[in-house]
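K.L.:
For the record, the sequence lines run as chains V and A.
Here my numbering is used: the first sequence runs in plain steps of one and ends on residue 422.
Here my numbering is used: the second sequence runs in plain steps of one and ends on residue 322.
I should point out that these hints are in silico values taken from the structure, not numbers from a laboratory.
With beta-carbon atoms standing in for the labels, derived distance ranges:
hint: 1; chain 1: A; residue 1: ARG297; chain 2: V; residue 2: GLY102; range: 48 to 56 Å
hint: 2; chain 1: V; residue 1: GLY102; chain 2: A; residue 2: PRO130; range: 44 to 52 Å
hint: 3; chain 1: V; residue 1: ARG78; chain 2: A; residue 2: PRO56; range: 40 to 48 Å
hint: 4; chain 1: V; residue 1: VAL299; chain 2: A; residue 2: GLY296; range: 51 to 59 Å
hint: 5; chain 1: A; residue 1: LYS57; chain 2: V; residue 2: ALA144; range: 30 to 38 Å
hint: 6; chain 1: V; residue 1: VAL299; chain 2: A; residue 2: PRO43; range: 55 to 63 Å
hint: 7; chain 1: A; residue 1: ILE131; chain 2: V; residue 2: ALA33; range: 38 to 46 Å
hint: 8; chain 1: V; residue 1: PRO106; chain 2: A; residue 2: ARG66; range: 55 to 63 Å
hint: 9; chain 1: V; residue 1: ARG78; chain 2: A; residue 2: ARG31; range: 45 to 53 Å
hint: 10; chain 1: V; residue 1: PHE51; chain 2: A; residue 2: ASP33; range: 45 to 53 Å
hint: 11; chain 1: V; residue 1: ALA33; chain 2: A; residue 2: PRO58; range: 49 to 57 Å
hint: 12; chain 1: V; residue 1: GLY375; chain 2: A; residue 2: GLY205; range: 55 to 63 Å
hint: 13; chain 1: V; residue 1: ASP391; chain 2: A; residue 2: ARG99; range: 39 to 47 Å
hint: 14; chain 1: V; residue 1: ARG105; chain 2: A; residue 2: ARG322; range: 44 to 52 Å
If you want the footprint, here are the derived chain V segments under chain A, 3+ residues with CB under 8 Å:
hint: 15; region: 144 to 158
hint: 16; region: 402 to 408
Using N, Cα and C, we set each Cβ at its ideal position, and we do this for glycine too.
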Amino acid sequence: MPYSRGDRPRPSRRPVAVTGFGLVSPMGSGCGANAEGFRGGRVALREVTLFDVSGQRASRAGEIDLPDGPPPGALPVREAGRIDRATAMLLHAAAEAVAASGWERPPVGTIAAPVVLGTSAGAMALGEAFYKAATARRSRRGQAARVDGYQTQRQGRYLCDAFGFSGPVTFISNACASGANAIGEAGELVATGRADRVVAGGYDALCQLVFAGFDSLQALSPTAPRPFAADRDGLALGEGAAVFCLEPLEAARGRGARVLAELAGYAAATDRHHLTQPHPQGDAALRTMRAACERAGCVPAEVGYINSHGTGTPLNDSAEAHAICRWAGPAVGGVPTSSTKGSIGHLLGGAGAVEAAIVLLAMQGGWLPPNVAVGERDPACGFDLVEGPRDAPDLRIALTNSFGFGGANATLVFRKPDPEDD
Amino acid sequence: MIETPEIAIAGAGAVSPAGWGCAPFLEALRRGDALGCEPFALPGAGGSRMRRRPVPKPVQKLPFLRDPRLRRASPVGRFLAAAASEALASSRLDSSGRRLAVISTCFTGCVNYSARFFGEVLDDPATASPILFPETVFNAPASHLAALFGSDEVNHTLVGDESAFASALDMAAAWLIDGAADAVLVVAGEESDPLTAEAKCLLEGGGVVGEGAGALLLERTAGDAEAAVLLDAVGEVEAYSKQRGRGGTAANDGGDRADGQHAVVDTGAIEAVFGDAFGANPAWAAVAAWAAVHSGRERGVTIPLVGRNAGAGWARFAARPR
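Just chain A, with the same shape it has in the complex (with noise of 0.2 Å):
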């Protein structure tokens, strides 16, 4: 028989156009104001219906960019990077010897690269860069976590939308469940390109676009005090069909929502605040998950992972019972 053992949500970490870290993007998703945002046009346009907001600057040198894996890594890369390494930093599980294993998901993936290789490659083929191309691929952020934090173990990219991310938090139950792994690193991230926010406002009529990430460190716990917040459940993904588009499945209410017992992260005041940055909010929504039952403010939090068109999932944290 396999046992199910208790997963515990060991960290956090976040990059966001509030800034770098948990604190930043909590503070501002505490207050509820939108972040400024601006213009953002294809190169060579004039006025831009597209808004975004990007992440700022590092206040601080950030120590992990001195890797050599991360020289060149594209900006969703290093979001991903300091994420992961803040989940890392602020689990106070014991992490010698255990096997760490990596999940990514995203949307759009490096798109910044890709539009620049591309058009290297339109203008002269020989002489697009070698350097670039590598890093357009979707799981290079992934394999640079893997490089910085010395993980051989399985690591996988998800591409998709929102509802990804809830397959992801599934896999990496089941790899703790099967053994397959001590511990795993689920992250999100996403950049801000023109060309993205240009398909935006083609298929949903516009809004503003954001980027960062967020990430989550998740681990078999053997009733460990220390982990306060428990993976208590996830829904499976219900895909949508030509009879169940993104309205009619039950996911989209988180699962438990009508009956009262656990708070729901409000998704919708998340892109208010930092703008649609793809399939880095449904991390930030189980950041925020995370936060909120940590901290004891909530016993337990339901994120709703509604895809806007392949599914909808959802998750729940929970407070170690007491």
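In isolation and in its complexed conformation, chain V is listed as follows (with noise of 0.2 Å):
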């Protein structure tokens, strides 16, 4: 709904279901797959075969096996052949997403649903593709194709033409918070009464030129990630993407939908520390997660659950542990809170939305992800750090974090519906 000078006062915020959502990860495609590997405690990582990685520190990264065939949804087939790598993600999670949703397609014309998505990179791989081709020299053929599809633009186009979306498409790049900031920045659509139904996601795929750039940095481990671990050294990157469905929850339960969750609570803000490194206390992140439970309405000692940003960097893991105990004060020891990044790794632009699903899994199935091979624990995790698979069969509200370079600090929490909802 667009602004106008002098429009009517709009009615209060509403409360956001998610009624559909889907997600593909290095733990497999799908929810149940992703459920089933993160409750037995499953470690997803291993070389990486998509580029050369032999002039590089680390080797290993949370690489997916696409399934095979032409991808979901209706695109044609000469255009479902052209599809990059990331984009087949999306499209695999949306179509999760909206089966899960009941959202059906009218047989002519279009879901009215605008989307909003986050993405760090794209179909950088295309991108690549280009440069080295260019700055050969080599034949010019193939170089439009790879550029268009290398635009965000295309990835967004294919996502709606597949799957009916009317659009438009909003690509936030946010870098490691773009995911958390499309599905908040969605929510507040619904909430505000902008849209009646969007679409949200996040996704990125492993890419040469990411990868190098992490390891120039000296931020992948050469070893294995182990966030809040005290010797660790470092995170691995992944790949992977979820997408949700969001509507009104009036909407929902008066359509008969199956209530998934409600999207209880946004907040996003900015750390000026500096562009790569946070806060050394997280003042950033104690901000967003302070702001988002107001919004949702919970305290601290309601939390039952914190998927946190956790990236096995000596510096994030401090700052984001310091911020965990500030915001749940005297209640800290008993907030349950791991980082799944030790099993799948980082998957920058999509991490947000995939650990949004993931946290959505866990309050469905009454368990909690661990954060693998810690070992001697930072002395600064006041929290329960969850190390092993857990069940939780009473988590109600759980809260998830995604930080990013630039200073992006995102956090959404999710509340578990009420049992008329299911």
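Bring the two chains, given one by one in their own frames, into a single complex with the hints.
P.N.:
See the structure below:
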């Protein structure tokens, strides 16, 4: 709903329901495979095969085996054959989300739903291929298609064409907070009455430029990512996508949809400390955690699980640990917290969305994913660090943090639906 | 109930191939003559069909460049910083204690550093510069603005075609209405590079590439008489589809060109003078609209924000009613 001076006042905020979500991650394709993998404490990192990493310190990442066959959705065969890896992940996640939502595409026309997506690199692999061919001054054959496919607009167009979304598509590129920002802003569209249905998500695929970038910063672990471990030595990258279908809670109940969760809170802020390093005490993280919980109407003692940003780098985990302790105060010892990046890697623009999906899987199944391979934990971890898979049948409220380059900080809070919504 | 407050376009800034500041931009636009351009080629290439209009070096040293955050910033980061600084400086509204948010839009982003870094990776990844990589991310320039202006508030970078600027204006209006911020810098910028020019040649057959940035400062007002230019409306971005391509959306005409009530920014004239600076062009169009209303020349101006491959939107600025 666009802005117009003199608009009538709009109704107050309305609760936002998640009625469908889907994901693709190194743990597998779909909710079932991911739930099974995380519940079993599996680690899904392996040697990178997509590009040459022989010249780098690190060689492992969360690389996905994409399902065989054409991508889901109604793309023409010729277009479906052209899509890049990142778009394929996005389409697989969207297919699962739409199927769960019960949103039906009309015989003529589209599903009236804007789309908000987060990504840090989009179809960077196509950009890399374009660069190589252009600088080597090889034939221009294929270059136009690479340029066209590289643009985020093309990925958005594929998504809308495949599933019949009207759009428009807004791309938020805030580094590692992109996916969380996208879900949060999509939620705001619904909460404030600007849209009645919104598709939201985040995605990123492994690519050589970004892998080398993190390696150049010596941010990649030469061993294994061990978030919150006292001797942690870096992160591992991963790839994946998650997509959510959001609508007003009242509308979802009215059409008899299954409400999977309520998107109860969202907050974003900027950490000005440094382009790549967080404030040591996690000031911006504290701010978003407090604001998101205030929006959700909950206090720290009521939060049953935190899926932390927890990259495994010395600086992030320390800052986030401080922020969590400051946020929770005396209740911190009772707040179960884990990072799933030790299991699947850091999915960058896809992280916020995939980790939100993991939170919902945990909430649905009544379990908590583990923070693997900790060993001796960082003394800054005053919270209840979940080191092995754990049952959590009473999990009702969960929070997920995402922090990125440029100081982009975002926190989402989800609430389990009331029994009447099951 | 959530009231819809009045939103002022409190300030504007620009960097263009005409120079650093709104003044040279508006003067060049008024004259209407295409600025000089230079050949532009991939390294090692012989002749080139590519042309560009670069931003000239600033005549005077820019004070904000002394900030440590900008020391290694990409060209587009500096363009954005200059345009945003001018927008903030030109605002006469009360700025004390306000929460300033930032929305930045771009089409291509920090392409020069990205290309340089990837070249180093292909040569020898073990020696690729860690100084370059962080400055390649899309939101690095916007984060520098936050550091420059002391903003801890929400800061988004939107990537897309020209219609993304309409989305940015709409998002800024929403934040101001909802109380998420007291003021929002809406900025857009691009830097020229041979690979982007090559891409333009491939997809569009040629043309002159430009570079630069534009910035607007949006603020909630309480009927402040100093708020001479108001955000009158932002049209819904209509996404292109198989059924409705670029030429088939209602937003192409800016929403109300037909009724003749408002002037319409001639975006073609902007491109003819300054070149195709992708995501910066819509911001320049918005600055031109702001200037036309601010000077009293027009009572209202519509800005077509027609994207080349994603969607079409529009916005309208209006003078405060007398």
